[in-house]
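J.: All chains should be built: construct the whole structure from the sequences, respecting the hints.
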Amino acid sequence: MSLHAPPADSAQDTALYQEVQRFYAHQMRSLDEGDVDSWVATFTEDGVFSANAHPEPQEGREAIREGATAATRKLAEAKIRRRHWLGMLDVAANPDGTVRAVTYAQIIATPLGGTAQLELSCTCEDLLVREGGRLLVRHRQVYRDDLARS
Amino acid sequence: MSLHAPPADSAQDTALYQEVQRFYAHQMRSLDEGDVDSWVATFTEDGVFSANAHPEPQEGREAIREGATAATRKLAEAKIRRRHWLGMLDVAANPDGTVRAVTYAQIIATPLGGTAQLELSCTCEDLLVREGGRLLVRHRQVYRDDLARS
Amino acid sequence: MSLHAPPADSAQDTALYQEVQRFYAHQMRSLDEGDVDSWVATFTEDGVFSANAHPEPQEGREAIREGATAATRKLAEAKIRRRHWLGMLDVAANPDGTVRAVTYAQIIATPLGGTAQLELSCTCEDLLVREGGRLLVRHRQVYRDDLARS
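Chains as they are written, first to last, in our numbering: chain A, 112 to 261; chain B, 112 to 261; chain C, 112 to 261.
Just so you know, these hints were derived from the structure itself, not from any lab. The structure displayed is predicted, hence computed values, not measured ones. Yeah, the Cβ is synthetic: ideal placement off N, Cα and C, and Gly gets one too. Each hint can be trusted.
Partner residues aside, some chain B positions facing chain A, computed with beta carbon under 7 Å:
#, residue
1, Q129
2, R133
3, T221
T.: Here it is as C-alpha cells:
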C-alpha cells in the first residue's frame, strides 16, 4: 500500500512526519531492549497487533504484553539480540485526526558471539491516534515478505 | 560523493529534506509493489536512470517503463519480493532550484517461503526537479558497491 | 538506552532532529569513502570514540585519525567497500546545549566482485556539541550486538 500522499508542504506535516520517526525509534527500542512496559504503553488500551505470521491478532494491551513477554524470554534464553528497523516511512493525517503510517521493516538477529542475520523483511501499516498529546498505535498490521498476504 | 552541505538551519531546508524522504518512500514502494505507472511518473519525461550495472542508461519514461515492467515480471515469475531501502540521505538545494540528493541503498530480496537476503548495497545520486509542485527525478546514477565505479 | 523523550513539539526540535540525520549521513559517508580528514573533523579536538569491541577508546582527533587511516588501508587492500547505516534515531537536547543522540547501526561490507554482507549490528550513543554553528561528536559509545556489554 502506498499513501500517495502529496508532498509535505507545511510545518505541521514536517513536524508530524518526524514525530512518527521518533515514535518508532522509541517504540521499537523498547521492545528490542526487553522493556515490555514501555512497549505496551505505545499501544492504546484496545490496540490491535495483527500479522500475517500470527494465526490470531493480539487484541488489547494485555495480549500485547503476553506476546512481548514470551518473545523477550525466548530471545534471552537463546542469547539473541533482535533489532527492529523501520524505514521508508510515509505518513498521512486523516481528517478525523488519526494518522496512517506505512513503513518497511527489517528484523535483524544477532546471537551472542555470533553473526548478525537479516531475519525478516516486512511491511508495516499503522493507524496512530493521539492521546494526552502522544501518539499511540491503535492498529498495526505487519506483513512478512516471505508469506502470502492472506 | 558527499555534499558537504552546511547543517539545515531553516524551516525551508527542514521541509525539503523531509519531502525528499517521503518522495523516496513513495517512489521505491511503487517499484517494489509492481506499480509501474506510479514508478514511471516519479521521473521527468526526459528522466535518465543510469547504473554502473547497466551497459546503457534508461533514457526517458518509455525506457524506464520497459525496464521496470521487465523486472517486475521476472520477480513475479520467480515469486520474489524486493524492497529498496534508501537511507543516510543528504540533500542540497542548487541555486537554479534543482535538488541534489545522495543516499545509500539496500536491496533486499525475499523468495516466497524463503529467507530474506541482502542482495545489493549501492549508493544513489539524484538530480531532482520540481514540476507542478512535486519533486521528480531528472537524473539518477546508481553505483553498486560490488562493481568498479567506471 | 532509550531517551524516553517527549514527542517533538516545536520547530526547533524538528530542525535539530533533522540536522542530526544529515550530520550522520555526512559523517559516515566520509568514513566509508575513505575521506579521513572529513571524518576526523566531525569529532571535537578532545573527542572520544569508544566501543565494546575496542580494548581502549580512541581519545582525541589524532587517535581517531590513526584508527580510521588503518581501517581505510585495510579495506582498500582487501578490496572491500563498507557502509555504515545509522537509523532509528532518537534525539534529546540537554539543558546545557549538548545533544544526546542514540541510533541503531548496520555495517555492510561488499567485496569487489562479491556479495554484500551484513557484517555487524550495533547501537550507538553520541554526545554532540555545537562548535562554530556545527554539530560535532564529543563522545561516541558503540555497542556491538554480538558482544557482551561490559
